[in-house]
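Using the hints, position chain B against chain P.
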Amino acid sequence: MVNRMSARRLEDSQTPRFAPGDRVQVPSRPVLGHCRTPWYVRGKRGVICAVHGRFRDPERLAYHFPGLPAQVLYKVRFAQQEVWPSYRGRADDHIEIDIYEHWLEPAR
Amino acid sequence: MAPKRKTMPRKGAGGRAAHDIGGLNFGKIDRAEHDPALWEKRTDAMQRLLTSPGKRAFSVDGLRRVIEDYGEQVYDRTTYYEKWIRALRNLVVEQELMTRAELETRMAEVRARHAKAGRRVSKAKIPW
Chain P
1 MVNRMSARRL EDSQTPRFAP GDRVQVPSRP VLGHCRTPWY VRGKRGVICA
51 VHGRFRDPER LAYHFPGLPA QVLYKVRFAQ QEVWPSYRGR ADDHIEIDIY
101 EHWLEPAR
Chain B
1 MAPKRKTMPR KGAGGRAAHD IGGLNFGKID RAEHDPALWE KRTDAMQRLL
51 TSPGKRAFSV DGLRRVIEDY GEQVYDRTTY YEKWIRALRN LVVEQELMTR
101 AELETRMAEV RARHAKAGRR VSKAKIPW
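These protein sequences, in sequence, are chains P and B. Take the first sequence: its position 50, counting from 1, is numbered 50 in our numbering, and each next residue is one higher. Take the second sequence: its position 55, counting from 1, is numbered 55 in our numbering, and each next residue is one higher.
If we strip away everything but chain P, and leave its shape as in the complex, we get (with noise of 0.2 angstroms):
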């Protein structure tokens, strides 16, 4: 019998890596397993818009560890045209996804 734990909000003091309104990008590298971070937001840019807190983190809570260390998960702000390339609506709609810190590096 492994760990049993919940992805409940976590409280804790470690500063979070970004603040709403920096500049960030999805990184496209290789995933094994249970993931969050969608296929179609990876190597895209984006803005931050929230930060939600801390969370147990899915990537290991989905094979039955504990999920530590605990991620913080952000709102980020995509632009429809910078995901669908063939976007055809307005410039200024956008999408909003959930992700996690380690899945976002800073916009280069």
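No lab work stands behind these hints, which were simulated from the structure alone. It cannot be assumed that every hint is accurate.
[As the list claims (entries may be wrong)] Take a look, some chain B residues computed to stay more than 12 angstroms from chain P by CB distance:
{"#": "1", "residue": "His34"}
{"#": "2", "residue": "Val74"}
{"#": "3", "residue": "Glu104"}
{"#": "4", "residue": "Val110"}
{"#": "5", "residue": "Ile126"}
[Claimed, not checked] List of simulated lysine-lysine pairs, DSSO-like, C-alpha gap at most 30 angstroms:
{"#": "6", "chain 1": "P", "residue 1": "Lys44", "chain 2": "B", "residue 2": "Lys6"}
{"#": "7", "chain 1": "P", "residue 1": "Lys44", "chain 2": "B", "residue 2": "Lys11"}
{"#": "8", "chain 1": "B", "residue 1": "Lys28", "chain 2": "P", "residue 2": "Lys75"}
All C-beta atoms in this analysis are idealised placements derived from N, C-alpha and C, irrespective of residue type, glycine included.
What follows is chain B alone, placed relative to chain P:
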């Protein structure tokens, strides 16, 4: 021992996992509302109980992982709660709440009981 990490790729989709289909064309979405069947409600209830703070047999992340590991063939041909019930069965065994033999014996008993009562019983074998 923790379950093995693996990714079931979707064929011809550039390396993305079978379930990770955002942006692919799957035709028109059926937006018709329908009442959940009794077995679907029971499946939902079992998931809530097994992942509840009092039980924590596994997390919803584990449920997702098992479903993602079905691979494209099963993933595309099963409904929402069909995915859930199969994953719940596998997780109950994976987390050693029951052995596979105990579960299969119990399923055979339930099938026999329903058949005796004159109810239609599916003979479908759902792969592990």
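Here is what the structure says about each hint:
With a cut of 12 angstroms on Cβ distances, B:His34 stays outside the contact zone with chain P, its closest approach being about 27 angstroms. Every beta carbon of chain P lies more than 12 angstroms from that of B:Val74, the smallest distance being close to 17 angstroms; the non-interface claim holds. With a least beta-carbon separation of about 21 angstroms from chain P, B:Glu104 lies farther than 12 angstroms from that chain, consistent with its non-interface assignment. Distance check for B:Val110 against chain P: the nearest CB is about 26 angstroms away, which clears 12 angstroms, and the non-interface claim stands.
Under the 12 angstroms C-beta cut-off, the non-interface status given to B:Ile126 relative to chain P holds; the minimum distance is some 21 angstroms. For the proposed pair P:Lys44 and B:Lys6, the alpha carbon gap of about 24 angstroms is at most 30 angstroms, so the pair holds. Of the supplied pair hints, the one linking P:Lys44 and B:Lys11 holds, its CA atoms being roughly 23 angstroms apart against a limit of 30 angstroms. At roughly 28 angstroms between alpha-carbon atoms, B:Lys28 and P:Lys75 fall within 30 angstroms of each other, so this suggested pair holds.
Of the numbered hints listed earlier, not one is contradicted by the structure.
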